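Participant: Go by the hints and put chain B onto chain A.
So the chains spell out like this:
There are 2 protein chains.
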Amino acid sequence: PGKLKAKVISTAKSIKQLGQNDPRRITHSLKVGLALTLVSLLYYARPIYDGFGESGMWAVLTVVVVFEFTVGGTLSKTLNRGFATFLAGALGLGADYFASLFGKDGEPIVLGILVFLLAAAATFSRFFPRIKARYDYGVMIFILTFSLVAVSGYRVNELVVLAHQRLSTIIMGGATCMLISIFVCPVWAGEDLHKAVSSNLEKLATYLEGFGGVYFQSSENDGNGIGKSYPQGYKSILNSKSSEESLANFARWEPGHGRFRLRHPWKHYLKIGALARQCAYQIEAINGCIVSDDHIQAADEFKGKIEGSCTRMSAECGKALKALATSMKTMTDPYSSANSHVENSKAAMKDLKFALKAATLENADLAAILPAATVGSILVEIVKCVEKISEAVQ
Amino acid sequence: PGKLKAKVISTAKSIKQLGQNDPRRITHSLKVGLALTLVSLLYYARPIYDGFGESGMWAVLTVVVVFEFTVGGTLSKTLNRGFATFLAGALGLGADYFASLFGKDGEPIVLGILVFLLAAAATFSRFFPRIKARYDYGVMIFILTFSLVAVSGYRVNELVVLAHQRLSTIIMGGATCMLISIFVCPVWAGEDLHKAVSSNLEKLATYLEGFGGVYFQSSENDGNGIGKSYPQGYKSILNSKSSEESLANFARWEPGHGRFRLRHPWKHYLKIGALARQCAYQIEAINGCIVSDDHIQAADEFKGKIEGSCTRMSAECGKALKALATSMKTMTDPYSSANSHVENSKAAMKDLKFALKAATLENADLAAILPAATVGSILVEIVKCVEKISEAVQ
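So the sequences go chain by chain: A and B. Okay, so the first sequence: first residue is 1 according to our numbering, each after it adds one. Okay, so the second sequence: first residue is 1001 according to our numbering, each after it adds one.
One chain only, chain A, in its complex shape:
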């Protein structure tokens, strides 16, 4: 019983944690509950709206399947579902009519062939990356509706009534979802994407701003373990590609909201995101240098010589990124603030080159200074990367 109690407590804690991390999750759950209850009760009370009949079920089905976390997700699924149902329904009616021309014996054969061909072709189309990203759900609903309509065995005039009922209930369910997701505490995919990209820049900035101090001072103290205790927030950027892409896909379906117009250049965020990842890869390489114990051997004298310029390079890069992130958040032109930091970091890069040229290496051997030199060299790459990011943001 003690074990069970502990497990219950830990589960409760993780539920609380999940809600605290993003309170919108709780709101979302309540919104789904609300939409479903509304539509269900409408279905329950169908004797009143007898026009819908059994088809009211499709409204419930639509709500469950279509309601996504973001507005863009919900809109994309609803519109996909609506159009696919309409199109496939019409095609299905046509197929039914066409098959009926072949008489009682030929009908099932023709229908079978048609269903087979259409299902195979539509399934294959789902492998196209562009269709997969945007219309995957629509194609699925298309196959579903087409085969249901084609083989339903109803006569065409019955089918028209049925199709009308189903389509109207789907529209009802879809409209409920869209209205609730847009007007009750909306979660905009576009805004999330915007925040994700700018917070990624911030994470990079935090690492770079602190890096110089931590790296160059550590060897004066004990020199080991800093890599492990140092904030590793940037690691989440390494695998951010797929989530950014799906957000950008959803954002395309969203109407203008807040500070974003309808045709906001969402693709541009993907570009900035890719550059941020590039920068994170470089940091990962630096981090490898820090974590490995080699840097203890690094000649302190040499480290002292490059300390100033390296620290400045990384700090200025960090400041530039922070300025870019801030200006993204406030949607102002970052030119003046970020650019001066970029210029400063480039100046520091030149200082590093001079420091390296001036470093006399008569008593220090190259193997010992290599780790520190590598860090400097990768910082140079980071400066270039930050410059590109700064250009992209503007």
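If you're looking for bench data, these hints aren't it; they were derived computationally from the structure. Keep in mind that this is a model prediction, so the values were computed, not measured. All C-beta atoms in this analysis are idealised placements derived from N, C-alpha and C, irrespective of residue type, glycine included. Be a bit skeptical, because a hint or two may be false.
Said to hold, decoys possible - DMTMM-like cross-link-like pairs, simulated, lysine to aspartate or glutamate; straight-line CA separation at most 25 angstroms:
1) A:K346 with A:E202
2) A:K241 with B:D1022
3) B:K1013 with A:D136
4) B:K1353 with A:E301
5) B:K1241 with B:E1202
Unchecked claim - Where chain B lies over chain A, by a calculated footprint (3+ residues, C-beta under 8 angstroms):
6) 135 to 149
7) 235 to 243
Facilitator: Quick look at chain B alone, frame taken from chain A:
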């Protein structure tokens, strides 16, 4: 018309390309067509199997929704759907009975509250990463079935008949999918994962094997543009995390097949995959050094000194990775072949240290040799990484 023709031709080409890249896509499309046609015709001929009635529709629905590219995906969706429908159906019956105790007026209110609570709780549970990864679809079907059953407005004894019909048609549709996906040209997620991870190791190996020769010889010719023409196959590894994880998730549902037992350690592949990504990040950093024009300035004399050991390090790493990939493919113990290459690369690493110590730097300045030295230093990290991969594979 010429423009239209060109577009048709280019579309046709891209369709052909898609099929050629992975012919299993064509087979998959035909399999879906087959399954759907079988189930549809059964539904069409339902006067014969009158037990199913209207519910035959659910078999069609199941096939469309459940049939995935890999066996594991199909099994996971089918089992999720089956269990969720059963569980939610039973709970829905209970809720219906419970609500009926409150009389005609209380019933819709109680049902509404129950649907709201259950939908909100279940939706929230989908945010748990573990549930999201494995049971997302099941939870969705659970919400769907529960609300459909609870608010259907049928009496309980009618519902039992209906539930039995629906469940049996879902099982029929699911069984069709499972049988076809397992016995007709199966695509095993586990095997795909195995191949993906070992081919990732091979991509790394290809880069590393060729790297030394290309990098050190390029400066003797013209020295620019090699980075761009050099095979960039490793880039796909950088973003491989999500696809590997979903394959591993599907693989867990698959029965033993070919050379894989039922409880094959799929998680282990994720570990190897993560190490391979780590290695790819380092290569990305090296690649940055190559692409940037700095290496033209690199002192040729110094480069000559470290050429031997660096080329050997990278070539031996490449050979070790290739041996590991081969032994993964043949599922033999890689100990003897890979280990000797790892040892060789470590020996080369020591040579590099000696070469660096021996390098007299009186006339060469540090800024000029830095890029080449950085490449050497990152190669050292790669050697360590390859050693870890080799340990993980064994």
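Participant: For every hint, state whether the structure bears it out.
Facilitator: Each hint, compared with the structure:
1. With a CA separation close to 20 angstroms, the supplied pair K346 of chain A and E202 of chain A stays within the 25 angstroms bound.
2. A C-alpha spacing of about 24 angstroms is found between K241 of chain A and D1022 of chain B, which places the hinted pair at or below 25 angstroms, so the restraint holds.
3. Distance check on the hinted pair: K1013 of chain B and D136 of chain A sit about 21 angstroms apart at the alpha-carbon level, within 25 angstroms; holds.
4. Between K1353 of chain B and E301 of chain A the alpha-carbon distance is near 19 angstroms, which keeps this suggested pair within the 25 angstroms criterion.
5. At most 25 angstroms may separate the alpha-carbon atoms for a hinted pair to count; K1241 of chain B and E1202 of chain B meet this at roughly 17 angstroms.
6. Counting residues of the region 135 to 149 of chain A whose beta carbon lies closer than 8 angstroms to any beta carbon of chain B gives 5, which reaches the threshold of three, so the coverage claim holds.
7. Three residues within the 8 angstroms Cβ limit are the bar, and the region 235 to 243 of chain A against chain B gives 4, so the coverage statement holds.
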